[in-house]
Amino acid sequence: MDANALMIDVGEKLEQQEKAAEPARVPREKIIALSRAVIMPLITFGIVALVWTYVHEHVSNQIPSIPDTWDAAKTILAHPFYNNGPNDMGIGWQLLYSLGRVMAGFALAAIVGIPVGFMMGMSPAIQNAWQPLIQILRPVSPLAWLPIGLLLFKAVNPSAIFVIFITSIWPMIVNTAAGVKAVPKDYLNVAAVLKLSRLEIIRKILFPATLPHVITGMRLSLGIAWMVIVAAEMLTGGIGIGFWLWDEWNNLNIPHIIVAIILIGLVGITLEAVMNLVQRWFDYE
Amino acid sequence: MSHLILENIGMTFKTQKGAFRALENVNLKIGKGEFVSLIGHSGCGKSTVLNIVAGLARASEGIVLLENREVNSPGPDRAVVFQNHSLLPWLTVYENVRLAVDKAFSNGKSRTERDEWTRHNLELVQMQHAMEKKPSEISGGMKQRVGIARALSMEPKILLMDEPFGALDALTRGHLQDSVMEIHAALGNTVIMITHDVDEAVLLSDRIVMMTNGPAATVGKILDVEQERPRDRLALSEHPDYVALRSAVLEFLYSRRMRPAA
Numbered sequence: 001m002d003a004n005a006l007m008i009d010v011g012e013k014l015e016q017q018e019k020a021a022e023p024a025r026v027p028r029e030k031i032i033a034l035s036r037a038v039i040m041p042l043i044t045f046g047i048v049a050l051v052w053t054y055v056h057e058h059v060s061n062q063i064p065s066i067p068d069t070w071d072a073a074k075t076i077l078a079h080p081f082y083n084n085g086p087n088d089m090g091i092g093w094q095l096l097y098s099l100g101r102v103m104a105g106f107a108l109a110a111i112v113g114i115p116v117g118f119m120m121g122m123s124p125a126i127q128n129a130w131q132p133l134i135q136i137l138r139p140v141s142p143l144a145w146l147p148i149g150l151l152l153f154k155a156v157n158p159s160a161i162f163v164i165f166i167t168s169i170w171p172m173i174v175n176t177a178a179g180v181k182a183v184p185k186d187y188l189n190v191a192a193v194l195k196l197s198r199l200e201i202i203r204k205i206l207f208p209a210t211l212p213h214v215i216t217g218m219r220l221s222l223g224i225a226w227m228v229i230v231a232a233e234m235l236t237g238g239i240g241i242g243f244w245l246w247d248e249w250n251n252l253n254i255p256h257i258i259v260a261i262i263l264i265g266l267v268g269i270t271l272e273a274v275m276n277l278v279q280r281w282f283d284y285e
Numbered sequence: 001m002s003h004l005i006l007e008n009i010g011m012t013f014k015t016q017k018g019a020f021r022a023l024e025n026v027n028l029k030i031g032k033g034e035f036v037s038l039i040g041h042s043g044c045g046k047s048t049v050l051n052i053v054a055g056l057a058r059a060s061e062g063i064v065l066l067e068n069r070e071v072n073s074p075g076p077d078r079a080v081v082f083q084n085h086s087l088l089p090w091l092t093v094y095e096n097v098r099l100a101v102d103k104a105f106s107n108g109k110s111r112t113e114r115d116e117w118t119r120h121n122l123e124l125v126q127m128q129h130a131m132e133k134k135p136s137e138i139s140g141g142m143k144q145r146v147g148i149a150r151a152l153s154m155e156p157k158i159l160l161m162d163e164p165f166g167a168l169d170a171l172t173r174g175h176l177q178d179s180v181m182e183i184h185a186a187l188g189n190t191v192i193m194i195t196h197d198v199d200e201a202v203l204l205s206d207r208i209v210m211m212t213n214g215p216a217a218t219v220g221k222i223l224d225v226e227q228e229r230p231r232d233r234l235a236l237s238e239h240p241d242y243v244a245l246r247s248a249v250l251e252f253l254y255s256r257r258m259r260p261a262a
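Chains A and B are the protein sequences, given in the same order. Read in order, the letters of the first sequence correspond to residues 1 to 285 in our numbering. Read in order, the letters of the second sequence correspond to residues 1 to 262 in our numbering.
Quick caveat, the hints were computed from the structure, so don't treat them as lab data. Keep in mind the model is a prediction, meaning the values are calculated, not measured. By construction, the Cβ of each residue, glycine as well, lies at the ideal position given by its N, Cα and C atoms. Certain hints may be false.
Unchecked claim - Okay, the calculated beta carbon distance ranges per label pair:
1. A:38 <-> B:139: 37 to 43 Å
2. A:115 <-> B:175: 30 to 36 Å
3. A:195 <-> B:2: 21 to 27 Å
4. B:174 <-> A:265: 17 to 23 Å
5. B:239 <-> A:283: 35 to 41 Å
6. A:133 <-> B:31: 55 to 61 Å
As the list claims (entries may be wrong) - Result set (DSBU-like, lysine-lysine): computed pairs, CA atoms no more than 30 Å apart in a straight line:
7. B:32 <-> A:195
8. B:103 <-> B:29
9. B:134 <-> A:185
10. A:195 <-> B:221
11. A:195 <-> B:103
12. B:133 <-> B:109
13. B:157 <-> B:221
14. B:134 <-> A:154
Pulled out of the complex, with its shape left as it was, chain A reads as follows (with noise of 0.2 Å):
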């Protein structure tokens, strides 16, 4: 047996290794990332539970077991759309009307927030008159500005509509500014070679360049606007699970708020997630 063909002997006995090999070392792998996503959150899952419990049996027999908490999450699941009148609807019925007066001030936060940034992020003039006035009041919690909505518009729904307004109309426009001063001059270079018209260079550079900032600040303004509608609605009262959660409170049926807790915390990851697939349908990386 010459060299060569030795060589080729070796090779061909490590590349049957190899296939001999790969069965046992994909399904490991596959394990490994398996326990990573299920089992080390339900370790995290499994802690809580224990202190939970602890806190249950030795800190404040008021807080529910987890055994009657789970008791009272079936019972409100069971019928999430009753409807015995407005003081007593199903806990479906209540996120929805959270959920639509957070959709309401979203969305004309989007109307008026989109253009004012837009106009801050294209002309200096505009950002220089506007800077100070959203530098002072972005800041400011949303809830600040309740009580001038209940001022201004004499009903309850309106005025938390106007929170959320308030809520999601800073981070709209600071991220619509800052995605427009961010187009790449290139683009602006081929505008002009081009030669687009202003309108043209809007509409066909800046607007398409611009949105996956915008979108970020709408991802960004939804997450808190949901935050934020539990707490409005906890002062002004009416149907919506943050009313509902106060109202168990002065029930004292805590079971129930902690399964508002975690409905809430459901939604808001439903809404973020929602909110990452419209983002990367608009990534144009």
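Model the placement of chain B on the given structure of chain A, informed by the hints.
For chain B alone, coordinates are given in the frame of chain A:
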């Protein structure tokens, strides 16, 4: 008669540290169908010259004449191939070129003609297979091909290329250089190309314009490349004239670097 004339171009930029004199007395005449390379060290003002011809920058002094008319704003008669391709990422390859075609021939061509002309130009750069792809889905060399198609599709009087192949690997660059030579042979465009690649300059150009180092950069020396076309990179690399030109450019660049204030 010269097609493009640059006369006593000077450029001063206002910076935070005061005025910066970028260009001084740049004079250049380019004939119709001529392929001219601008070569020089980074920061010597090559791009500024190109931007002034494109109309993207206004010269502080001097005048640019294209077919005896002053150039003072950008336009599709001076199409630019940008260094980083500058394709709009939300449009497909076809739409990127079509946008230029629609603007350049808004009155001159019907819808069908514009569609055909878009496809024709993409065929010219061998990109017809990727018309429906987005720029993010094609390679760097392909993007640059589309950039060239977009520029050619405007039927410019002069094609301006700003280090068009600078960001590409050597093999891809070679393919694109061959494509540019073929297109230049077929269409006879007037071309100004910025490069910092000596071989590229010698291979492609009729004349090589070598710029001195800034500040106050100007045209240092102009070399005529009298090699016959079509040129073949392999045959040329051995040719004594090619070797001599190549060393002349290197000599200029190298000696300038030793005396940057010259």
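Hint by hint, here is what the structure shows:
1. Range check, residue 38 (chain A) to residue 139 (chain B): about 39 Å between beta-carbon atoms, so the 37 to 43 Å window is met.
2. At roughly 46 Å, the beta-carbon separation of residue 115 (chain A) and residue 175 (chain B) lies outside the given 30 to 36 Å, and the hint is violated.
3. Checked against the given bound of 21 to 27 Å, the beta carbons of residue 195 (chain A) and residue 2 (chain B), roughly 25 Å apart, stay inside it.
4. For the pair residue 174 (chain B) and residue 265 (chain A), the supplied restraint of 17 to 23 Å is violated, since their beta-carbon distance comes to about 58 Å.
5. The hinted range of 35 to 41 Å is not satisfied by residue 239 (chain B) and residue 283 (chain A), whose Cβ atoms lie roughly 50 Å apart.
6. Checking the proposed 55 to 61 Å range against residue 133 (chain A) and residue 31 (chain B) shows it holds: the Cβ atoms sit about 59 Å from each other.
7. Of the pairs offered as hints, the one joining residue 32 (chain B) and residue 195 (chain A) holds, with about 24 Å between alpha carbons and a cut-off of 30 Å not exceeded.
8. Pair hint residue 103 (chain B) plus residue 29 (chain B) holds up; C-alpha atoms about 29 Å apart against a cutoff of 30 Å.
9. About 20 Å separates the Cα atoms of residue 134 (chain B) and residue 185 (chain A), which keeps this hinted pair within 30 Å; it holds.
10. A distance of roughly 34 Å separates the Cα atoms of residue 195 (chain A) and residue 221 (chain B); the hinted pair therefore is violated under the 30 Å criterion.
11. With a CA separation close to 7 Å, the supplied pair residue 195 (chain A) and residue 103 (chain B) stays within the 30 Å bound.
12. With a CA separation close to 25 Å, the supplied pair residue 133 (chain B) and residue 109 (chain B) stays within the 30 Å bound.
13. A hinted pair counts as satisfied when its Cα atoms are at most 30 Å apart, and residue 157 (chain B) with residue 221 (chain B) qualifies at roughly 25 Å.
14. As the CA atoms of residue 134 (chain B) and residue 154 (chain A) are separated by approximately 52 Å, the hinted pair breaks the 30 Å bound.
Consistency note: the structure conflicts with the earlier hints numbered 2, 4, 5, 10 and 14.
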